[in-house]
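Trainee: Each chain, written out:
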Amino acid sequence: MENTLTLHHVSASYDGKAVLEDISLEIPAHGITAIIGPSGCGKSTLLRCMNGMLREEKGTGISGEILLGGQDIQKMEPEQLRRRVGLVFQTPAPFPFSIYRNMTYALRYYGVRDKKELDRQVREKLEMAGLYEEVSQELDKSAHKLSGGQQQRLCIARALTVEPEVLLLDEPCSALDVKSSSVIERMLVQLKERYTIVIVTHNIAQARRISDHVAFLFGGRLVEFGTTAQIFSEPREEQTRDFLEGIYG
Amino acid sequence: MRRWKNRIFSGVILAMTILTVLILAFVIYFIVKEALPTFQEVKLTDFLFGQRWMPIAYTGEVSFGIFNFIMATLYVSFVALVIAVFVGLGAAVFLSCVASERMRGILYPFVDLLAGIPSVIYGFIGLAILVKYFIRLGIPTGSCVLAAGILLAVMLLPFLVSSCSETMLKVKEAYLPAAEAMGISKWYAIATIVLPASWKNILMSMILAIGRAMGETMAVMMVMGNANLFPRLLGKSESIASVIALEMGTAVVDSTHYHALYAAGMVLMILLFVINLVIMFLREKIID
Ligand SMILES: Nc1ncnc2c1ncn2[C@@H]1O[C@H](COP(=O)(O)OP(=O)(O)OP(=O)(O)O)[C@@H](O)[C@H]1O
Ligand SMILES: [Mg+2]
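Protein chains in written order, with the working numbering: chain V, 1 to 249; chain F, 1001 to 1288.
Think of the hints as simulated: they come from the structure by calculation, not from any bench. Be a bit skeptical, because a hint or two may be false.
As the list claims (entries may be wrong) - Computed beta-carbon distance windows for the label pairs:
#: 1; chain 1: F; residue 1: L1282; chain 2: V; residue 2: Q80; range: 39 to 47 Å
#: 2; chain 1: F; residue 1: I1207; chain 2: V; residue 2: V178; range: 26 to 34 Å
#: 3; chain 1: F; residue 1: K1170; chain 2: V; residue 2: S182; range: 26 to 34 Å
#: 4; chain 1: V; residue 1: E238; chain 2: F; residue 2: F1094; range: 46 to 54 Å
#: 5; chain 1: F; residue 1: F1009; chain 2: V; residue 2: E238; range: 53 to 61 Å
#: 6; chain 1: F; residue 1: L1233; chain 2: V; residue 2: K145; range: 41 to 49 Å
Since the model is a prediction, treat every value here as computed from it, not as a measurement. For each residue, glycine too, the CB sits at the ideal point set by N, CA and C.
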């Protein structure tokens, strides 16, 4: 299988305190990889390594190698890297503009000016996020007036406007109810045909429902990586089994 | 027992609120009462639009026209606000978006310290430094509206900077990561997201700052030259607050001069009130 993102012995630290230790991982293309693990084990940090955001923060140290399609991300321009690896945050943060401007913001920045093209992109990406039908009549409405679930889907659609190859999601459903979560889950399953998706989730059932591969992180180490079926039916490691049985909460 | 405590507490709060309102009402009443006799001697239009201020008849007739003072007050406040907003926004952007957490921790107290310096000291610094520079630049005595504007701007800065940078910091923390995650450059995001999202607050701070600017007396008086002239950027002039402060001590109680000074104070108050109303109105208009 083709690999988009490959991590070789990645370690990361905040102010000298190690947070990730020696993580080697191959993220398969066109699939959903779920990262699970107890709170504080470094899941968000791992995501921010993958799109180069950690590198720019002060007081952080990173070692090891991350390859995107065979290319070392250290050597790429940050802007270029972020266009190829999108990141959606835990709390939805639509910009304080209209829905339409939220969707066109990055496109305009990258030089798309043609109104028809913008409209087409907005529609296509909103449809992908399953939001188009709900908001097509009110694209001029402030994005802040959407519900939490709609805002999160808008943020996902917005991240898709720059056409990333990989989409990283950091607990996108943690603030949402069951219904909004299931809408997003269905959307992600559809999106994986076009994008490679990495999702951090606290919801084990969710990981089981939507992911193809699961990585279990514990105390900054990658304990186990495997297909979803394997991890859930026959975990190799003791710690994985304990975690799935709810011992660490 | 609990209920009693609650009652006493809300009673005290109510009394204090009433006291505050009463004091304000009294101040307004007192000023209006002392100001009104002016207009038995001087016509309102002459008072507002006359350019001759000759409260005591040394040579020729007395005359009470405060047009130049009004214009000087507005002019110097405007100059100060323009300078302060430009510099203040720059500083606020720097503090909120460029400076690191540590640097902010070091710089904020300095900004606050700036706010604690008495205006007499500012005036003194203005005299010792600003005015000297203006003399070197060829302004006869160095005192001018621009000097007062600059000085006043420095006095407005701490408030503008701290209130703007606080909002900007919040806005930045909320939106910048999302923008950066799409590969958008920081400065583009600051210009297109952070500034537009904080402008309501910036406007609000400006309203408060203008009140401060128009009422500021000491520092302005010390560097503006205090001559009854129509204000020019590099010329001397005199603000309403300066006239009152300079002449109140020597005005004979109950003379027209005395009442006219109160009337000038009343005009200053009304001016501020009107400006606040207009800005508030504009704000609501623009926001909705
Ligand atoms: N900006 C930071 N500065 C210093 N330490 C940090 C910072 N961000 C995270 N850490 C530390 O790094 C460790 C991992 O944090 P991270 O946010 O990656 O955990 P997580 O697995 O995402 O947790 P959660 O599930 O609660 O979101 C934690 O111990 C945390 O204290
Ligand atoms: Mg996290």
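Trainee: Taking the hints in turn, state whether each one holds.
Mentor: Hints, one by one, checked against the model:
no., hint, result
1, F:L1282 x V:Q80: 39 to 47 Å, "44 Å, holds"
2, F:I1207 x V:V178: 26 to 34 Å, "47 Å, violated"
3, F:K1170 x V:S182: 26 to 34 Å, "33 Å, holds"
4, V:E238 x F:F1094: 46 to 54 Å, "52 Å, holds"
5, F:F1009 x V:E238: 53 to 61 Å, "60 Å, holds"
6, F:L1233 x V:K145: 41 to 49 Å, "46 Å, holds"
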